[in-house]
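Number of protein chains: 2
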Amino acid sequence: MLKSPFQSIFKTLVIGSAFLALSSSAQTLTDNETKELSQLTNTALQSDVSYKILESLTTEVGHRLMGSEGDKKSIVWAQAKMRALGFDKVWTEEVTGTFWQRGEAQAKIIAPYPHKVVVIALGGSIATSKQGLTAQVAHFETLADLKAVPDNSLHGKIAFVSYQMERHINGKGYGPAVGTRVGGAVVAAKKGASALIMRSVGTDNNRIAHTGIMRYEAGVNKIPAAAISNPDADLLVNQLKRNKPVSFYLKLTAHTDPKVTAISANVIGEITGSEFPNEIVSIGAHLDSWDVGTGALDDGMGVAMMLASAHHIAQLPKRPKRTIRVILFAAEEVGLLGAKKYMELHKDNMANHIIGAEWDFGVGKIYKMTSGVSKAALPAIDSLAKYLAPLGVKLSNENNASAQSDMSLMSAAGMPSMNFSPDGSKYFDYHHTENDTLDKVNPEDLKQATAVYTTFAYFAAQSGINFRK
Amino acid sequence: MLKSPFQSIFKTLVIGSAFLALSSSAQTLTDNETKELSQLTNTALQSDVSYKILESLTTEVGHRLMGSEGDKKSIVWAQAKMRALGFDKVWTEEVTGTFWQRGEAQAKIIAPYPHKVVVIALGGSIATSKQGLTAQVAHFETLADLKAVPDNSLHGKIAFVSYQMERHINGKGYGPAVGTRVGGAVVAAKKGASALIMRSVGTDNNRIAHTGIMRYEAGVNKIPAAAISNPDADLLVNQLKRNKPVSFYLKLTAHTDPKVTAISANVIGEITGSEFPNEIVSIGAHLDSWDVGTGALDDGMGVAMMLASAHHIAQLPKRPKRTIRVILFAAEEVGLLGAKKYMELHKDNMANHIIGAEWDFGVGKIYKMTSGVSKAALPAIDSLAKYLAPLGVKLSNENNASAQSDMSLMSAAGMPSMNFSPDGSKYFDYHHTENDTLDKVNPEDLKQATAVYTTFAYFAAQSGINFRK
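Respectively, the protein sequence lines represent chains L and W.
The opening position of the first sequence corresponds to residue 1 in my numbering, with each subsequent residue numbered one higher.
The opening position of the second sequence corresponds to residue 1001 in my numbering, with each subsequent residue numbered one higher.
Worth flagging that the hints you see were computed from the coordinates, not collected in a lab.
All values reported here derive from a predicted model rather than from experimental measurement.
Quick reminder that beta carbons are idealized off the backbone N, C-alpha and C, glycines included.
Treat the hints with caution; some may be incorrect.
[Said to hold, decoys possible] Lysine to aspartate or glutamate pairs mimicking EDC-like chemistry, simulated, CA-CA at most 16 Å apart:
#1 1426/W <-> 1033/W
#2 1108/W <-> 60/L
#3 426/L <-> 69/L
#4 244/L <-> 1060/W
#5 116/L <-> 104/L
#6 365/L <-> 444/L
#7 1241/W <-> 1088/W
#8 1116/W <-> 257/L
#9 340/L <-> 93/L
#10 116/L <-> 1166/W
#11 1394/W <-> 1423/W
#12 1426/W <-> 1398/W
#13 1172/W <-> 1423/W
#14 1241/W <-> 69/L
#15 108/L <-> 1423/W
#16 116/L <-> 1033/W
#17 1244/W <-> 275/L
#18 318/L <-> 88/L
#19 116/L <-> 1141/W
#20 1318/W <-> 1033/W
#21 190/L <-> 151/L
#22 1116/W <-> 60/L
#23 130/L <-> 141/L
#24 1116/W <-> 104/L
#25 241/L <-> 1060/W
[What the hints assert, rightly or not] Here's a subset of chain L near chain W, in silico, CB distances under 8 Å, partners left out:
#26 186
#27 205
#28 442
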């Protein structure tokens, strides 16, 4: 069903089609626009605005778990930054949820050889009893191995899954590893275990453990769930190899207060389109973070990139034709709550979301772009790729991309999408750890990634292409 | 003064000189010995014995701070290992000292922007008061800057030195950085500060702080001293740049019980020489470690290398001519207490120590050897260098080496010495941290380093060279 906002798209299509009819490498910007874009890309590439924003967020706010003081501060901070950076409109949309608090975590191997263990509660885990629990360790190399044992066969045991995540440039090792974190406690509880411990979902070898969300299931006993650092997992495996009973102590004081409603907000800002203000090019990141580290990579970098990209465009003499909307999502880490709220509030306006791209994979240079657009728009994507090629970005020959993270919900609702892939080889060294801090960000990589989003946003807003399938 | 043990050296010199007279690349081993050495080197190079020893130490004992349970366990462990590995004699020599206990450490930035800080007490530090202390931070980029302010000018302040250690292959960045750790608290106390905090002496960017020994001075007020991780130091510097007062909270519960005498021991084992049992080729490492991590690099790797080297030589059909003595020193970290005790007990026998080499710089392949021997023995060093060249070890053209660490006291007392230098680029990423764990050891590098010490020990014991100046 066509709605009034689409009239402007049709206008655009007329212009766009005229070019597209010419060749597959059709010009989608005028020569003057191309010149302006080229200067804009260079401005972004040389600017430390994104780094300064990130330095401000990580220094002045710190971590920002849904419902925490940092979360509240970040919402004030983000609105102020948007205003200072020249956004035309700034507003928030409330997001509510539960407030999980990490508390303290302690773990040690008691026998056969006592060792202190570096441990972290998984996000959402319940506490152990106040005095902690001590039990023998039942070791499984994979979640599948744990699933394979009979129900109720692990009474009085702590289930330990030692699967090691693999390192890959595109982060594809995360998928096979994260299942234990999200669903392992439910599986272990069905087997009768009193707790789940797991090797951290991470590619580093630091004595730093990785948190991240876990889930309970209605009707299944809730048990405490925690991750231990990779070196500690190695040590535990080495002790288990000795074929003596390994006794483990775990204490968590994590809890969720059911009486407390955590109140957060998506923070949204716009550079209003000069010709088609209702047509929205959305770029996004999530403002929340885990409550360890300062959320510099996950997703402070994305926040900084999106704010800086809009700022660079706002500095041009004239606003691009379409509106550029920066969406800083709340509560991504605890279950895409901000994204779900955005969908709820904007579902009737999804057709106006011309194209979108999020960034939530923060470290390393962008080396690849993948589109998820209509076939008819592929020549325009080729054109965009030519603007991005000097930045070292190659166009994937696939056209099946969703936007990352929160915006994947918008992609699923039909929003044309771009996915810009960074070299993520090191991302999971730091992901969801205390080590997610500003020093992990390479300022030059941040400039490049900011330049990519700046270029994309201008191109999508100014060219008038219809990317919709 | 010549003493009886030297008679055997003179015998040796006769043989040695015969070869040395021939050329500067004089043969110092017979063809059969060379063949045996070559096989021995290959055995060591292919053997995982050293890795297995290290795995055992780090898994079954763990960290081994002077006076701790781990220290006591390690002494039992080391003697048992020596016996199992085929040593001819095994004994201990008691070493006493004080027992410093780390307790707990907490730190946070209170204002202007609250952050939790990763902190570790420096070894020997006193505690803060039970409730901790909160004070404004006075920032100094170097210890020299702190020294430069007037005495008693920092009352009510915490002195913070933010100097960043440099990364170098030979670890030369340690010297300029470690002064703050050892002596910074005395300087800060003279200035009136209530505590010293410093950027960790380390080259990593992990949220893990580096401990290490510090000293108080008689007549100077004792103040608590702690190191914060590099990323936390960055954050603190960034807050200080904003020119608002930065308020910092520090709590340490570290203490030394003056009534408790810590009892430890040097663990010594020998492969007894078949012709000159009183002539000692000593190879060593320190058995103690800091009470964080498992002391895998510092100095478990050295312990494993020395035990494995002696073991490989003990597997030969015949003992080499001289005795090979493995000295595992106690209490190196807290001030070379084991080495000092060894000197005290063996000072009258120092002349029998023909040559020695320690290893206390544990990570990476050995790439260089430097001698500290008589000029007359340099051709023999050339000869040794030829045996080690296939392992990638180059001979330095200097001849001024001390042995590393504990054995430097023996070098200073006239013992001819070798210093084998590894690629230490990454050593100070892990040094004195929780991150000093087995996974940081590259098994292939450990084989190479073990092969170097095995080759050296056999060569020095079998060739009969007089290395003494």
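Hint check:
1. 1426/W <-> 1033/W: 37 Å, violated
2. 1108/W <-> 60/L: Within the cut-off at roughly 14 Å; holds.
3. 426/L <-> 69/L: 29 Å, violated
4. 244/L <-> 1060/W: Given that 16 Å is the threshold and the Cα spacing comes to 12 Å, the pair holds.
5. 116/L <-> 104/L: Measuring from Cα to Cα gives roughly 15 Å; hence the hint holds.
6. 365/L <-> 444/L: Judged against 16 Å, a Cα distance of about 8 Å means the pair holds.
7. 1241/W <-> 1088/W: 62 Å, violated
8. 1116/W <-> 257/L: 23 Å, violated
9. 340/L <-> 93/L: 12 Å, holds
10. 116/L <-> 1166/W: At roughly 31 Å apart (the allowed maximum being 16 Å), residue 1166/W and residue 116/L break the hint.
11. 1394/W <-> 1423/W: 12 Å, holds
12. 1426/W <-> 1398/W: Measuring from Cα to Cα gives roughly 25 Å; hence the hint is violated.
13. 1172/W <-> 1423/W: OK: residue 1172/W and residue 1423/W at ~12 Å, within 16 Å.
14. 1241/W <-> 69/L: Between residue 1241/W and residue 69/L the Cα gap is close to 23 Å, so the pair fails against 16 Å, i.e. violated.
15. 108/L <-> 1423/W: The hint is violated at about 34 Å.
16. 116/L <-> 1033/W: 48 Å, violated
17. 1244/W <-> 275/L: 45 Å, violated
18. 318/L <-> 88/L: The hint holds at about 13 Å.
19. 116/L <-> 1141/W: 34 Å, violated
20. 1318/W <-> 1033/W: Roughly 11 Å between the alpha carbons, so the hint for residue 1318/W and residue 1033/W holds.
21. 190/L <-> 151/L: 6 Å, holds
22. 1116/W <-> 60/L: 13 Å, holds
23. 130/L <-> 141/L: 29 Å, violated
24. 1116/W <-> 104/L: 14 Å, holds
25. 241/L <-> 1060/W: Distance of about 12 Å is within 16 Å: holds.
26. 186: Residue 186/L check fails; min Cβ-Cβ to chain W is 30 Å, beyond 8 Å.
27. 205: Cβ of residue 205/L sits 5 Å from chain W, so the hint holds.
28. 442: Violated. Min distance 12 Å.
Taken one by one, the earlier hints fail for this structure at numbers 1, 3, 7, 8, 10, 12, 14, 15, 16, 17, 19, 23, 26 and 28, listed in ascending order.
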